[in-house]
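My request is simple: use the sequences and hints to build the entire structure.
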Amino acid sequence: MLDDIQASRPPVPGAAQSQKTKLRVIQRFLHRLSLVHSRVEILFKFKSIDYTYHHTFGGKAEARVSGMDQAIVMDSTRYGLCPFSRGPLPSCSRLHPVLGERVELSLSSEAVETGLCGEISFVPMATLGPCMAQYPNWPTRLSRIRVFVYGPCKMPLMRAAGEEPMSFLRKLAASLSWTELGLSGVHYTELQPNEDYPYADIEFLVETDVHPEREPEGSTVIRQEPKPECNHAIEQSITLFFLLQHNDPFQSQLSDFITSEEVLERHLDRLLWLNREKVQASLQSVLQNTLMSYKKRQMAKRKMQSALSVMLNSMTSVVSSSSSARFRTACLDYMRVQDTHELSASLRQSFQRITDSRFVPSCGCRAGKIEEGVNFHQNGSGTREDLVLKRAHQRGQTSCGSKKQCSEKTNVTPSSYCPSTSRMTIFLMQPSQSQHSHLGNTTPSSSSSGTSEFENEQVEKEWLQEIENIPEWD
Amino acid sequence: MSEQFDEVDKLRDELLQNLPPLVNSLAHYGEFIRSQDVLQRIEKVMLEVVVRLSKEETPVLVLQNRSSWANVIFDRNIGLLMKPNVCVTTLRSDCPSSARRFALILKVMSTVYKLIQSDSYATKRDIYYNDPQLYGSQQLVDSVVDDISCMLQVPRRSLHVLATSKGFISGDLCYLEEDGTRVDCISNSTAVSVSSNVSGIKNIVSSAKFVLVVEKDATFQRLLDDNFTTKLFPCIIITGKGVPDVNSRLMVRKLWDTLHIPTFALVDADPHGIEIMCIYKYGSVSMAFEAQSLAVPSLLWLGLLPSDIQRLKVPEKALISLTQTDERKLNSLRNRPYVTCQPAWEKEMEILRNCGWKAEIQALESVAPNFLTTVYLPNKLRYGGWI
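Going down the list, the protein sequences come from chains P and V. Going by UniProt numbering, the first residue of the first sequence is number 1, and it counts up by one from there. Going by UniProt numbering, the first residue of the second sequence is number 1, and it counts up by one from there.
Since the hints were derived computationally from the structure, they do not count as laboratory data. Built from N, CA and C at the ideal position, the CB exists for glycine as well. Among the clues, some could well be false.
[Stated by the list, open to error] Over 10 Å on every C-beta distance to chain V, these chain P residues come out as not near it, computed from the model:
id, residue
1, 80
2, 119
3, 143
4, 158
5, 256
6, 276
7, 288
8, 303
9, 309
10, 314
[Said to hold, decoys possible] Here are the simulated BS3-like pairs of lysine-lysine, each with C-alpha atoms no more than 30 Å apart in a straight line:
id, chain 1, residue 1, chain 2, residue 2
11, P, 303, V, 241
12, P, 303, V, 55
13, V, 241, V, 216
14, V, 44, P, 303
15, V, 55, V, 44
[Said to hold, decoys possible] Between beta-carbon pairs, the in silico distance windows are:
id, chain 1, residue 1, chain 2, residue 2, range
16, V, 84, P, 341, 49 to 59 Å
17, V, 84, P, 207, 57 to 67 Å
18, P, 207, V, 37, 53 to 63 Å
19, P, 345, V, 164, 54 to 64 Å
20, P, 285, V, 164, 49 to 59 Å
21, P, 353, V, 164, 52 to 62 Å
Structure, rendered in structure tokens:
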């Protein structure tokens with residue numbers, strides 16, 4: 001991919017659009033790369049005749065999950081998922097991952113013949129986001145499933161423009177039992193370029209749920225009146241990580257790893273088909289576990305709707321049949337309505353609004369519980385950056401795998417392969433960069449807002465602490 | 001024959017002398033709250049929900065916790081009473097775990113509201129069958145009705161909710177039902193169902209010397225078959241068929257309040273039987289809010305005492321080993337507040353624990369045929385074998 005970028009260096013008139021396209025490809029690649037190397041800060045600078053682009057990927061003390069030899073970013077904003085909050089109440093910007101079981105993959109004879117040896121396995125990991133645990137009654141809708149495949153060296157498997165996703169992944173729409181997962185089905189969709197979203201290997205749109213807000217028989221569901229803050233179901237997505245692993249004790253040279261990675265990438269689709277039963281079972285299982293909370297939520301929602309209907313009917317019945325003018329007047333006055341018909345509608349709206357807006361400080365969403373990044377601030381010793389570096393050093397060589405192309409065709413600093421360094425610089429320069437650099441519009445680095453984010457996190461932590469001190473509400 | 005009841009008569013005199021002032025009064029019993037008051041209490045609950053909604057606050061219902069021993073105190077003249085300031089359970093309308101109960105309470109309240117307005121009555125079973133899918137189970141309706149009764153501080157009768165009685169009564173007893181129906185319980189072979197409207201019973205006529213509360217229906221039927229009420233005439237026998245329902249307990253209490261005659265219990269010599277007897281005597285935790293009309297603290301344990309098993313040399317083959325559950329139950333009973341004021345009961349429980357055996361009333365059949373009605377009970381009553 002980066003070969004392509006190098007090839008485009010000569011300033012051909014009218015090639016500006018092409019450069020931008022290539023820039024986007026690099027951006028997507030680095031974005032994807034930064035998701036599984038959360039401790040590595042990637043400084044990316046792109047200069048051309050017309051403009052200068054500068055962006056920093058990762059490197060912040062973000063929510064992440066560690067394990068499987070890598071630290072995966074668990075900040076939902078990095079996946080284009082906007083954390084939900086209502087008014088001054090806090091939001092949870094973290095994704096809560098569900099890790100599947102490691103599946104050993106059998107190698108095809110064809111792959112072995114081409115030099116792929118050792119043990120190949122994959123670990124699925126999925127998250128449902130944005131996190132809505134603190135708003136248990138707010139309507140939600142599962143809209144899409146995005147799959148990210150990473151090779152053993154933690155490099156994203158990016159496909160070229162126009163290239164179809166792997167057939168195995170495409171067929172997941174038909175091969176997985178979606179009804180068992182509480183979904184009527186999914187269908188493959190062409191990816192729409194979006195700078196906010198990391199470019200997935202494949203994306204599925206989720207069809208309507210099997211039990212869409214169906215009320216239990218014999219009860220009447222409250223039909224929600226249009227309310228700006230209540231009638232918008234929050235769209236949630238599943239982010240499915242497909243993490244490949246390769247262990248060959250006879251490999252020791254970097255070139256061996258790179259070759260294996262390339263061979264594996266070529267044979268991956270066939271390999272997955274060869275092991276389809278195991279792989280599909282594993283994916284089914286991890287999706288089942290990920291969607292458990294979603295299904296419970298939908299079930300609770302149906303129960304709530306049924307209960308609200310009974311509450312409303314009971315109250316309306318008492319008020320309507322009461323012969324106490326004082327009682328009836330008091331009810332109408334409090335709800336600021338003229339008659340019992342209006343009262344019923346007003347009560348319905350209030351019940352629904354108050355129920356939907358329920359906020360529960362969720363233990364799983366508390367700062368400092370799963371979020372390693374936040375712990376850095378809490379420790380209080382040394383600078384934040386020092387701690388990040390220290391952790392990166394402690395992790396050893398686990399997060400430094402890279403593809404051959406990166407090191408050879410881009411100006412990657414030598415330390416990018418070094419485990420003790422957490423900063424990688426990618427500097428691409430167009431031929432006339434020196435003459436026009438002063439014209440460039442430098443995009444503000446994402447790290448520039450680090451201080452304010454840090455302050456926000458502190459405020460949120462204090463807020464959560466206050467809520468913790470309130471006695472249990474239920 | 002006159003000697004047969006000497007000890008019972010003496011006991012009655014003692015009981016009458018020691019009647020606490022409160023118990024001597026009928027004012028508390030079946031105190032029927034005016035319908036208008038009940039309606040207002042329901043309206044108050046509904047209005048509180050409306051007020052909270054109008055303030056954009058989550059409606060809540062505050063229920064007294066009816067399942068915790070920490071919420072009851074023991075009064076030897078009344079039984080188990082709910083504490084004035086008890087732990088409460090707050091039901092939120094917006095929480096899936098409590099919303100259903102919240103909704104069902106409002107639903108039953110609205111049903112009660114209509115019943116009172118139309119001056120009609122319904123059984124808990126009627127309420128359940130009105131929408132079985134909604135309620136799910138009869139037990140849930142029972143619990144919700146009791147919750148409402150406790151929350152509004154209103155006896156169930158005042159909610160216009162009746163319960164189908166499961167108890168039976170027989171003996172020297174005549175009374176009028178609220179609707180004017182005359183009920184005569186004097187029959188040798190058949191028993192009368194305990195009224196489902198005990199508080200409506202009036203004109204009670206009886207010359208009975210005592211009331212015998214029988215734990216099990218099988219024993220009750222055996223007593224009827226053996227003409228017990230004739231042999232030891234005049235007396236009244238009643239059973240709640242195991243763990244007694246509210247009507248059976250109300251009836252036992254009503255008989256005590258009206259007749260002031262000794263009330264005896266005939267239960268199995270096992271922890272379960274003792275617990276049932278304690279419910280008649282001291283009430284239950286879940287209904288502690290109505291203890292004054294449900295418990296008879298003067299009730300005495302006539303049989304089957306664990307010491308009787310040893311004394312009568314009941315054959316071992318008729319005995320059953322105590323299970324671990326029995327032992328746990330026994331330990332639980334011994335820790336209850338009312339047992340400490342009953343040293344004789346404590347002693348019997350100690351015997352039960354030490355011997356490791358339990359016995360049903362039917363075990364007496366192994367001593368001799370008809371031993372229960374011809375020897376055991378007459379002698380117990382004649383010689384004051386109660387504790």
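Quick rundown of the hints versus the structure:
no.: 1; hint: 80; verdict: 30 Å, holds
no.: 2; hint: 119; verdict: 45 Å, holds
no.: 3; hint: 143; verdict: 23 Å, holds
no.: 4; hint: 158; verdict: 43 Å, holds
no.: 5; hint: 256; verdict: 55 Å, holds
no.: 6; hint: 276; verdict: 38 Å, holds
no.: 7; hint: 288; verdict: 21 Å, holds
no.: 8; hint: 303; verdict: 5 Å, violated
no.: 9; hint: 309; verdict: 8 Å, violated
no.: 10; hint: 314; verdict: 4 Å, violated
no.: 11; hint: 303/P / 241/V; verdict: 37 Å, violated
no.: 12; hint: 303/P / 55/V; verdict: 24 Å, holds
no.: 13; hint: 241/V / 216/V; verdict: 5 Å, holds
no.: 14; hint: 44/V / 303/P; verdict: 26 Å, holds
no.: 15; hint: 55/V / 44/V; verdict: 17 Å, holds
no.: 16; hint: 84/V / 341/P: 49 to 59 Å; verdict: 43 Å, violated
no.: 17; hint: 84/V / 207/P: 57 to 67 Å; verdict: 58 Å, holds
no.: 18; hint: 207/P / 37/V: 53 to 63 Å; verdict: 56 Å, holds
no.: 19; hint: 345/P / 164/V: 54 to 64 Å; verdict: 40 Å, violated
no.: 20; hint: 285/P / 164/V: 49 to 59 Å; verdict: 50 Å, holds
no.: 21; hint: 353/P / 164/V: 52 to 62 Å; verdict: 42 Å, violated
When held up to the earlier numbered hints, the structure conflicts with 8, 9, 10, 11, 16, 19, 21 and fits the remainder.
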